[in-house]
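Asker: So the sequence shown is numbered by the working numbering: it starts at 1 and just counts up by one.
Hints in this document: simulated from the structure, not taken from any laboratory.
Be aware that a few hints might be false.
Beta-carbon label-pair distances, calculated as ranges [as the list claims (entries may be wrong)]: (1) Ser85 - Asp49: 15 to 21 Å; (2) Ser24 - Gln109: 41 to 47 Å; (3) Thr142 - Thr1: 33 to 39 Å; (4) Pro26 - Phe83: 35 to 41 Å; (5) Phe83 - Thr22: 33 to 39 Å; (6) Asn29 - Val156: 48 to 54 Å; (7) Thr113 - Ser24: 30 to 36 Å; (8) Thr113 - Asn57: 22 to 28 Å; (9) Thr1 - Thr47: 40 to 46 Å; (10) Asn160 - Pro26: 43 to 49 Å; (11) Asn57 - Thr22: 34 to 40 Å; (12) Thr22 - Asp49: 23 to 29 Å.
Since this is a predicted model, take the numbers as computed values, not measurements.
Glycine residues also receive a C-beta, built at the ideal position from the N, C-alpha and C atoms.
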Amino acid sequence: TNYQVIGVDATANQQGAAVTGTISVPTTNVGNVQACGISSLQYINYTFDGTSYSITNPATDSLMAFTGALQGTTLLQTLISGFSSGANIAFRFNHPTPAAGTYQMTMLQVNNTMAGNSTTPLTPTVVVTNYPAAVGDYYEGTFSGTYVDNQAVTHVISGNFRLRKNW
């Protein structure tokens with residue numbers, strides 16, 4: 001079994017390069033792990049119906065991003081999400097390969113509104129400018145569009161994100 005360790009200095013928003021190796025029983029020594037040299041800043045900034053929100057504090061906010069296989073298809077599905085005491089957003093998009101590109105959202109929840117219904121398609125898009133090659137690298141991009149929520153209210157959303165690939 002292999003391991004990967006990334007040292008992070010949350011105060012300075014820095015991380016080091018990943019340290020990898022093989023786990024040996026009963027003790028594994030990973031050696032020196034550095035926590036500097038690479039920006040570890042993570043965020044989701046967005047404007048929702050004219051009001052701006054930022055989810056940026058690793059000590060108090062929840063930020064998550066990951067990609068998995070969409071069951072029963074050959075597509076991949078990426079989830080980007082962030083929650084804080086005053087803001088929350090989560091969106092998904094499907095894509096054929098793990099690469100930067102422009103993708104249509106397939107799910108969107110913003111500040112306790114849920115997007116879409118069977119008669120109103122979800123139209124906001126995500127532009128991924130950096131797709132992470134490995135754990136510890138970052139998803140980076142923008143998103144924008146209008147959508148009708150499940151209460152038939154039209155909303156405008158735009159923003160940007162930078163989140164570490166966790167697995």
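Asker: Does each hint fit the structure? Answer for all of them.
Answerer: We went through each hint and held it up to the structure:
| no. | hint | result |
| --- | --- | --- |
| 1 | Ser85 - Asp49: 15 to 21 Å | holds, 19 Å |
| 2 | Ser24 - Gln109: 41 to 47 Å | holds, 43 Å |
| 3 | Thr142 - Thr1: 33 to 39 Å | holds, 38 Å |
| 4 | Pro26 - Phe83: 35 to 41 Å | holds, 38 Å |
| 5 | Phe83 - Thr22: 33 to 39 Å | holds, 36 Å |
| 6 | Asn29 - Val156: 48 to 54 Å | holds, 53 Å |
| 7 | Thr113 - Ser24: 30 to 36 Å | violated, 50 Å |
| 8 | Thr113 - Asn57: 22 to 28 Å | holds, 23 Å |
| 9 | Thr1 - Thr47: 40 to 46 Å | holds, 44 Å |
| 10 | Asn160 - Pro26: 43 to 49 Å | holds, 45 Å |
| 11 | Asn57 - Thr22: 34 to 40 Å | holds, 35 Å |
| 12 | Thr22 - Asp49: 23 to 29 Å | violated, 51 Å |
Against the hints set out earlier in the document, violations occur for numbers 7 and 12.
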